[in-house]
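Q: Protein chains in written order, with the working numbering: chain S, 311 to 716; chain G, 707 to 990; chain W, 188 to 460.
It is possible that some hints are incorrect.
Below, in silico cross-link-like pairs of lysine-lysine (PhoX-like), each with a Cα-Cα straight-line distance of 25 Å or less [said to hold, decoys possible]:
{"id": "1", "chain 1": "S", "residue 1": "349", "chain 2": "W", "residue 2": "289"}
{"id": "2", "chain 1": "W", "residue 1": "423", "chain 2": "S", "residue 2": "578"}
{"id": "3", "chain 1": "S", "residue 1": "456", "chain 2": "S", "residue 2": "480"}
{"id": "4", "chain 1": "S", "residue 1": "578", "chain 2": "S", "residue 2": "474"}
{"id": "5", "chain 1": "S", "residue 1": "473", "chain 2": "S", "residue 2": "535"}
{"id": "6", "chain 1": "S", "residue 1": "480", "chain 2": "S", "residue 2": "404"}
{"id": "7", "chain 1": "S", "residue 1": "473", "chain 2": "S", "residue 2": "456"}
{"id": "8", "chain 1": "S", "residue 1": "582", "chain 2": "S", "residue 2": "480"}
{"id": "9", "chain 1": "S", "residue 1": "473", "chain 2": "S", "residue 2": "451"}
{"id": "10", "chain 1": "S", "residue 1": "716", "chain 2": "G", "residue 2": "741"}
{"id": "11", "chain 1": "W", "residue 1": "423", "chain 2": "G", "residue 2": "984"}
{"id": "12", "chain 1": "G", "residue 1": "984", "chain 2": "S", "residue 2": "404"}
Simulated from the structure, these hints should not be mistaken for lab results.
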Amino acid sequence: MRAWVSAAAVVLLAACGRTASSPALTIAINAGVEGDALKTAANEWAERNGTRVEIVELPYANLFEKELLDLESRTGAYDVIMMDDPWFPRLVDKGNLAPLERQPDEDFLTSCLDVCREPYRTGTFYALPYVGNSQLFFCRKDLLDKQGLGPPATWDEVLGAAKKVGAAEKMYGYVMRAAPGNAVVTDFMPLYWAFGAEMFDGNGQPVVASKEAIESVRFMLELGKYSPPGYTGFNADEVSAHLLQSTAAMSINWPAWIAAMDDPARSKVVGKIAFTQMPSARRKGVAELGAWLLAIPGASRNKVRAMEFLIWATAAAQMRQAALRGNPPTRRSVFMDAALRARFRAFPAQLASLETARPRPRTPQWNEIENAFGIYLSQANAGSISPEDALARAEQEIAAIVRRGK
Amino acid sequence: MTATMRRAWPGVPWVAPAVLLLLALSIYPLIYSVKVSLTGPGGFTLANYTRLAQDQLFLRALLQTLAYTAVALAIEFALGLVLALLVDSLVHGRAFFRAGLLAPMLLPPVVVAVIWRLIYNPQFGVLNGTLRTAGFDTSRLTWTSGEQSALLSVILVDVWEWTPFLFLLLSAGLQALPQEPIEAARMDGATGWQMFRDIVAPLLKPAMMLAILLRSMDLVRIFDQIFILTQGGPGFATETMSLYIYRTAFRFFNFGYAAAMSFLGLALTVVFARSLVKLMRTAR
Amino acid sequence: MKSAAKYALAALALAAALAPVYWMVTISIKRDIDQFAFPPLWFHFQPTWQHYIESFGDGSFGRYLWNSTVVAAVSTLAAMLAGVPAAYGLARVRWPGDWSNKIGFWILSTRMLPPIVTIVPMFLMMRQVGLLNSRAGLVVIYTAFNLPFVVWMMQGFFREVPSELEEAAMMDGDSRMGALVRVVLPVVRPGLAATTVFCLIVAWNEFLFALILTQTGASMTLPVGIASRVTQYEIKWGAMSAAGVVAMAPVLAFAALSQRYLVRGLSLGAVKG
Numbered sequence: 311m312r313a314w315v316s317a318a319a320v321v322l323l324a325a326c327g328r329t330a331s332s333p334a335l336t337i338a339i340n341a342g343v344e345g346d347a348l349k350t351a352a353n354e355w356a357e358r359n360g361t362r363v364e365i366v367e368l369p370y371a372n373l374f375e376k377e378l379l380d381l382e383s384r385t386g387a388y389d390v391i392m393m394d395d396p397w398f399p400r401l402v403d404k405g406n407l408a409p410l411e412r413q414p415d416e417d418f419l420t421s422c423l424d425v426c427r428e429p430y431r432t433g434t435f436y437a438l439p440y441v442g443n444s445q446l447f448f449c450r451k452d453l454l455d456k457q458g459l460g461p462p463a464t465w466d467e468v469l470g471a472a473k474k475v476g477a478a479e480k481m482y483g484y485v486m487r488a489a490p491g492n493a494v495v496t497d498f499m500p501l502y503w504a505f506g507a508e509m510f511d512g513n514g515q516p517v518v519a520s521k522e523a524i525e526s527v528r529f530m531l532e533l534g535k536y537s538p539p540g541y542t543g544f545n546a547d548e549v550s551a552h553l554l555q556s557t558a559a560m561s562i563n564w565p566a567w568i569a570a571m572d573d574p575a576r577s578k579v580v581g582k583i584a585f586t587q588m589p590s591a592r593r594k595g596v597a598e599l600g601a602w603l604l605a606i607p608g609a610s611r612n613k614v615r616a617m618e619f620l621i622w623a624t625a626a627a628q629m630r631q632a633a634l635r636g637n638p639p640t641r642r643s644v645f646m647d648a649a650l651r652a653r654f655r656a657f658p659a660q661l662a663s664l665e666t667a668r669p670r671p672r673t674p675q676w677n678e679i680e681n682a683f684g685i686y687l688s689q690a691n692a693g694s695i696s697p698e699d700a701l702a703r704a705e706q707e708i709a710a711i712v713r714r715g716k
Numbered sequence: 707m708t709a710t711m712r713r714a715w716p717g718v719p720w721v722a723p724a725v726l727l728l729l730a731l732s733i734y735p736l737i738y739s740v741k742v743s744l745t746g747p748g749g750f751t752l753a754n755y756t757r758l759a760q761d762q763l764f765l766r767a768l769l770q771t772l773a774y775t776a777v778a779l780a781i782e783f784a785l786g787l788v789l790a791l792l793v794d795s796l797v798h799g800r801a802f803f804r805a806g807l808l809a810p811m812l813l814p815p816v817v818v819a820v821i822w823r824l825i826y827n828p829q830f831g832v833l834n835g836t837l838r839t840a841g842f843d844t845s846r847l848t849w850t851s852g853e854q855s856a857l858l859s860v861i862l863v864d865v866w867e868w869t870p871f872l873f874l875l876l877s878a879g880l881q882a883l884p885q886e887p888i889e890a891a892r893m894d895g896a897t898g899w900q901m902f903r904d905i906v907a908p909l910l911k912p913a914m915m916l917a918i919l920l921r922s923m924d925l926v927r928i929f930d931q932i933f934i935l936t937q938g939g940p941g942f943a944t945e946t947m948s949l950y951i952y953r954t955a956f957r958f959f960n961f962g963y964a965a966a967m968s969f970l971g972l973a974l975t976v977v978f979a980r981s982l983v984k985l986m987r988t989a990r
Numbered sequence: 188m189k190s191a192a193k194y195a196l197a198a199l200a201l202a203a204a205l206a207p208v209y210w211m212v213t214i215s216i217k218r219d220i221d222q223f224a225f226p227p228l229w230f231h232f233q234p235t236w237q238h239y240i241e242s243f244g245d246g247s248f249g250r251y252l253w254n255s256t257v258v259a260a261v262s263t264l265a266a267m268l269a270g271v272p273a274a275y276g277l278a279r280v281r282w283p284g285d286w287s288n289k290i291g292f293w294i295l296s297t298r299m300l301p302p303i304v305t306i307v308p309m310f311l312m313m314r315q316v317g318l319l320n321s322r323a324g325l326v327v328i329y330t331a332f333n334l335p336f337v338v339w340m341m342q343g344f345f346r347e348v349p350s351e352l353e354e355a356a357m358m359d360g361d362s363r364m365g366a367l368v369r370v371v372l373p374v375v376r377p378g379l380a381a382t383t384v385f386c387l388i389v390a391w392n393e394f395l396f397a398l399i400l401t402q403t404g405a406s407m408t409l410p411v412g413i414a415s416r417v418t419q420y421e422i423k424w425g426a427m428s429a430a431g432v433v434a435m436a437p438v439l440a441f442a443a444l445s446q447r448y449l450v451r452g453l454s455l456g457a458v459k460g
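So here's chain S without its partners, still in its complex pose (with noise of 0.2 Å):
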């Protein structure tokens, strides 16, 4: 009995040990049709190397926690990491990630490339970008026209065309998203900055609580009226399944969605979705850049092979590929590729939005501040305070944040 025990326990011990085969290179990437493409080519570039890539999926929040603490902790576990660009400030923070050696070509969208460099727009590049998502609006044009109007081109008419189209066609004129967090935030900037805000002024103040930043959210809750309830509660794919479903005319949203919108197997309204511009309403209206990007932290220990890999898969021809896939791609040659424009119609529009798309502030503490943002709006949203309430408290914690950032 004694001998089986022990031989069991070495057994078991040496199962403990590290494993031998190392792969050639840990890619950590976002569980969701952003990190699909990628892990596709991951893939596909393990198989022409002959080598073995490890995946690492990951849900977003715990994404970044993860690359957070990999990065901080300089541990090398990740070779190549994929990132939400307003992670970047974070991440790239104490040279925690290795410059790139070679500069990006410019068949990149100055854009995209923008928020890759440290600082922004001018330094260095520590990340190559390569999904190139910024909002689009999508609106049902086939019910717009019926009514006689045309996409909406401000916010008022949004408005307007969501109390008109749901009354006639008893749906949501509106679907907004809206839970705590990332999710609210993301979908309130484009609002926001339309009505004339700004998070921070020029010496990096916050002046959250501005007369148009009231108004702005004001309409937000005016805008919520129109919204199928639990929309304080929905993300990405809520909003998509009332598109998709055809309870709700108009929302935000982005291209990652474009292709669900016209597959027959999963969409009622196949054809009928406009993709449009940024409604404006004082200023201009202007998308939210959301570009995931892809860069190698300092500490990786196969930093040569990370390089190889991020130059093979956002060259042209691999970026086109993923465009199949139905990536959005960051270099121009992708958009205005013929067949591409072809097959898929919203591209102009796409680049439209990309080229002319604003990244969110650019500070390693975006994380917080979206966090408590996140948390004021959300209050607002549900009732329990008022505008003015929610945007004065987040006014004093972000600048509570920022204090402790110095």
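Fit chains G and W to the known structure of chain S by using the hints.
A: Coordinates of chains G and W only, in the frame set by chain S:
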């Protein structure tokens, strides 16, 4: 070596491995945590604790944790007791029912959370689906997605998962009860309720107290299920202490503040446990 | 209350306990179209294995499963190896004064520590000794988790065994350790079984430390793998459920097999404790 230590010597080799391992993995990290909570960019600082005293969000998370603990415990206890009495009074199949009822508490909490995420989904989940089949309007039933209903929905999951634990402990207590007083009371013609109130309940007190103590200590540090079900949302509605500390540490990367908060949490747990134990002792 | 009513109630409680579990099992074997069917399909659907193939076919969940198994088994073994002697020592050896209780209580109190308190230093410690993102690191931590419980449980069982048993063996020339192994352990087998199963379950189910201390498939366990499938968009319900079923199957199987011991062990420990 003192006389006391010499007398203790024979026992030392037996307990040494366990004690050393625990020292290394429980006490050392604790001390390190204290150090981290008192360190700032400029060296020693009480800044984390002063911030803690003013943090409204932490206070809210704390209160929500306590509310969660109280409500969940009350429901689990009541249900567990009823089930224990019920199963205990069955003539056949006791073991069968007991085995089946234990299942939820053995599952990985992550799996429990996934199961209930499936069930609670307002559009596609089986809960709303079943209600809709029965004719109810489920458009306002948003369970974990609704700010008002989220906390209760999450508590419900805890009740489902852990009532078996209370059931088990109370069942064991019931089984260990001496039969004579109960028989005597029955022969004297006492009703079921009278028997329970005057004989069973007092004898069951130690088991009840233990159940409450153990469960409440686990409730206060609830994390896994909420992480999967709501991540603390919507808004702040289901934010608990553990979740808030986790986010401060790993998303905002502020280990010092997280450490300060965990100490407060630990202090509260200890105070709580001690008062419960005292209550137990006096109740005996 | 009438007997029939009692059984009906008990059956209702059982249904409430098991229905959600059953539901997840059905999701794991339903085709995608059937998963969102309205009214919900409890029994009449065509089963498919695609989700299991999808989850475990691409390799990562298979690896998580292996990691979970190894870590649970080894940490349980280690906890028993360290804890059983400690429990015996506390139960048998005549300690001065109140030491036996004090040490016992101290060991138990380490279980009161909310994990979140020790997680950061633990992470830094593991990184220091190179045990980050490794199964060995998790084993060390889970052993520390289970030790207090092993000591607490086994102490109760040992106290039940009359000391005459070992004394007789020792008079026949056996050492104390020998007596423990050859004479006492067989007697407390139910306690050992219950404690072992409980330790396995705790290690298997653990989430927070695995979440923080693992970074890649080299050490990620099943709970972490499952959590990573819970995403913002497009929740992959089928795959998630398949993984969930695999995660809970061993636990339920183990518990069913050792149910008698488990209940007796937990209740004895509880009542004596």
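Q: Each of the hints needs a verdict: does it hold here or not?
A: Against the structure, the hints come out as follows:
1. Distance restraint check for residue 349(S) and residue 289(W): the Cα-Cα separation of roughly 55 Å exceeds the 25 Å cut-off, and the hinted pair is therefore not satisfied.
2. The hinted pair formed by residue 423(W) and residue 578(S) meets the criterion: a straight-line CA distance of about 21 Å does not exceed 25 Å.
3. Between residue 456(S) and residue 480(S) the CA atoms are separated by roughly 14 Å; this keeps the pair inside 25 Å, and the hint holds.
4. Between residue 578(S) and residue 474(S) the CA atoms are separated by roughly 21 Å; this keeps the pair inside 25 Å, and the hint holds.
5. With a C-alpha separation of about 9 Å, the suggested pairing of residue 473(S) with residue 535(S) holds against the 25 Å cut-off.
6. This hinted pair does not check out: residue 480(S) and residue 404(S) have alpha carbons roughly 54 Å apart, beyond 25 Å.
7. Straight-line distance between C-alpha atoms of residue 473(S) and residue 456(S) comes to about 14 Å, which keeps the hinted pair within the 25 Å bound.
8. With a CA separation close to 17 Å, the supplied pair residue 582(S) and residue 480(S) stays within the 25 Å bound.
9. The hinted pair formed by residue 473(S) and residue 451(S) meets the criterion: a straight-line CA distance of about 15 Å does not exceed 25 Å.
10. Straight-line distance between C-alpha atoms of residue 716(S) and residue 741(G) comes to about 22 Å, which keeps the hinted pair within the 25 Å bound.
11. For the proposed pair residue 423(W) and residue 984(G), the alpha carbon gap of about 49 Å is over 25 Å, so the pair is violated.
12. A C-alpha spacing of about 51 Å is found between residue 984(G) and residue 404(S), which places the hinted pair above 25 Å, so the restraint is violated.
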